[in-house]
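With full-length UniProt numbering, the residue at position 104 of the sequence shown is 104, and numbering never jumps.
Any given hint could turn out to be false.
Computed Cβ-Cβ distance ranges for the label pairs, DEER-style [claimed, not checked]:
no.: 1; residue 1: 189; residue 2: 83; range: 42 to 48 Å
no.: 2; residue 1: 71; residue 2: 171; range: 34 to 40 Å
no.: 3; residue 1: 83; residue 2: 170; range: 29 to 35 Å
no.: 4; residue 1: 238; residue 2: 198; range: 49 to 55 Å
no.: 5; residue 1: 63; residue 2: 251; range: 24 to 30 Å
No more than 25 Å apart at the CA atoms, straight line, and that leaves these computed lysine to any residue pairs for SDA-like [claimed, not checked]:
no.: 6; residue 1: 241; residue 2: 221
no.: 7; residue 1: 241; residue 2: 148
no.: 8; residue 1: 117; residue 2: 101
no.: 9; residue 1: 117; residue 2: 161
no.: 10; residue 1: 221; residue 2: 205
no.: 11; residue 1: 90; residue 2: 138
no.: 12; residue 1: 90; residue 2: 107
no.: 13; residue 1: 221; residue 2: 148
no.: 14; residue 1: 248; residue 2: 162
no.: 15; residue 1: 248; residue 2: 148
no.: 16; residue 1: 241; residue 2: 49
no.: 17; residue 1: 117; residue 2: 37
no.: 18; residue 1: 90; residue 2: 148
no.: 19; residue 1: 248; residue 2: 90
no.: 20; residue 1: 241; residue 2: 42
no.: 21; residue 1: 117; residue 2: 159
no.: 22; residue 1: 90; residue 2: 78
no.: 23; residue 1: 241; residue 2: 231
no.: 24; residue 1: 248; residue 2: 221
no.: 25; residue 1: 248; residue 2: 117
no.: 26; residue 1: 117; residue 2: 201
no.: 27; residue 1: 221; residue 2: 162
no.: 28; residue 1: 221; residue 2: 189
no.: 29; residue 1: 117; residue 2: 162
no.: 30; residue 1: 248; residue 2: 64
no.: 31; residue 1: 117; residue 2: 54
Everything labelled a hint here was simulated from the structure, so no lab data went into it. By construction, the Cβ of each residue, glycine as well, lies at the ideal position given by its N, Cα and C atoms.
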Amino acid sequence: MTADSGPTATPPHVPAPGPVPVTQAVILAGGQGSRLRPYTDDRPKPLVEIPGTGTPILGHQLAWLAAEGVTDVVISCGHLADVLEDWLDKADLPLRVRTVVEAEPLGRGGGLKYAAKALPRPDEPWYATNGDIWTRFSLRDMAAFHHERDAVATLALARPRIPWGAVETDQFGNVLDFIEAPPSPFLINAGLYVFSPEFAELLPDVGDHERTTFPQLARGKRLAGYQLPQGVYWRAIDTAKDLTEAAKELASGAGRAPR
Numbered sequence: 001m002t003a004d005s006g007p008t009a010t011p012p013h014v015p016a017p018g019p020v021p022v023t024q025a026v027i028l029a030g031g032q033g034s035r036l037r038p039y040t041d042d043r044p045k046p047l048v049e050i051p052g053t054g055t056p057i058l059g060h061q062l063a064w065l066a067a068e069g070v071t072d073v074v075i076s077c078g079h080l081a082d083v084l085e086d087w088l089d090k091a092d093l094p095l096r097v098r099t100v101v102e103a104e105p106l107g108r109g110g111g112l113k114y115a116a117k118a119l120p121r122p123d124e125p126w127y128a129t130n131g132d133i134w135t136r137f138s139l140r141d142m143a144a145f146h147h148e149r150d151a152v153a154t155l156a157l158a159r160p161r162i163p164w165g166a167v168e169t170d171q172f173g174n175v176l177d178f179i180e181a182p183p184s185p186f187l188i189n190a191g192l193y194v195f196s197p198e199f200a201e202l203l204p205d206v207g208d209h210e211r212t213t214f215p216q217l218a219r220g221k222r223l224a225g226y227q228l229p230q231g232v233y234w235r236a237i238d239t240a241k242d243l244t245e246a247a248k249e250l251a252s253g254a255g256r257a258p259r
């Protein structure tokens with residue numbers, strides 16, 4: 001006969017672990033930048049300076065990442081890698097930077113996987129960005145969104161302006177209004193990501209993760225999309241016209257770091 005031990009004790013509530021701060025990032029900087037020639041004849045695209053800023057795109061990205069708590073960055077280089085590495089050697093950097101050079105083009109997915117192997121903390125989450133993106137928003141908020149949804153990968157989503165004027169008509173074909181450069185009705189991949197540690201193993205060795213890994217994660221509902229907050233400045237610097245437009249926008253105060 002056993003003694004009555006009384007009612008079963010309720011186990012204490014153990015709160016779910018909070019998000020691990022994201023302190024490492026990959027920048028993809030290996031593209032040819034052919035649509036930005038002649039600016040990219042003697043430098044990789046991330047070293048192109050937006051007129052009037054005094055800072056190349058890469059310098060802006062490194063300062064932004066450091067302000068968001070990142071301490072270590074791996075830059076995946078290719079085209080004119082020696083020029084980029086020389087700039088890094090001379091620059092006053094706000095965080096630790098390591099470069100990896102693709103001996104041959106690996107594609108965006110392969111480049112991410114190759115660079116991820118050089119991250120100092122492979123068991124922690126990481127950010128990634130294309131090397132031609134100029135933006136400012138809270139990466140910490142995006143990382144919290146990623147954690148809340150238990151995602152393996154989260155991509156930032158932007159709603160860019162259509163570069164042409166739009167015409168509004170009624171059902172009878174009467175023109176009602178002309179709208180200059182309206183916002184797109186569709187969201188696009190903004191080229192900025194938060195990845196959980198296991199993401200790197202899902203990447204192809206060579207190829208594009210948007211055609212392989214992302215669809216696989218989407219089918220399993222492990223891919224999240226974080227819409228950039230209203231009013232956030234975002235631009236991909238892909239052509240000479242983008243440089244001109246970005247210079248005008250930045251001169252008007254858009255895209256500057258919040259004070």
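Hint by hint, here is what the structure shows:
1. 189 x 83: 42 to 48 Å: 28 Å, violated
2. 71 x 171: 34 to 40 Å: 57 Å, violated
3. 83 x 170: 29 to 35 Å: About 55 Å separates the Cβ atoms of residue 83 and residue 170, which means 29 to 35 Å is violated.
4. 238 x 198: 49 to 55 Å: Distance hint for residue 238, residue 198 is violated at roughly 31 Å.
5. 63 x 251: 24 to 30 Å: 19 Å, violated
6. 241 x 221: 37 Å, violated
7. 241 x 148: 38 Å, violated
8. 117 x 101: 12 Å, holds
9. 117 x 161: 36 Å, violated
10. 221 x 205: 23 Å, holds
11. 90 x 138: 28 Å, violated
12. 90 x 107: Not OK: residue 90 and residue 107 at ~29 Å, beyond 25 Å, violated.
13. 221 x 148: 13 Å, holds
14. 248 x 162: Distance ~17 Å between residue 248 and residue 162 Cα, so the pair holds.
15. 248 x 148: Since the Cα atoms of residue 248 and residue 148 sit roughly 37 Å apart, the hinted pair is violated (cutoff 25 Å).
16. 241 x 49: Satisfied, since the Cα-Cα distance of roughly 13 Å is no more than 25 Å.
17. 117 x 37: 31 Å, violated
18. 90 x 148: 40 Å, violated
19. 248 x 90: 29 Å, violated
20. 241 x 42: 19 Å, holds
21. 117 x 159: 32 Å, violated
22. 90 x 78: 19 Å, holds
23. 241 x 231: Holds: residue 241 and residue 231 sit about 22 Å apart, inside 25 Å.
24. 248 x 221: 40 Å, violated
25. 248 x 117: Judged against 25 Å, a Cα distance of about 39 Å means the pair is violated.
26. 117 x 201: Holds: residue 117 and residue 201 sit about 10 Å apart, inside 25 Å.
27. 221 x 162: 30 Å, violated
28. 221 x 189: 17 Å, holds
29. 117 x 162: Answer violated: residue 117 to residue 162 is near 38 Å, above 25 Å.
30. 248 x 64: 21 Å, holds
31. 117 x 54: 32 Å, violated
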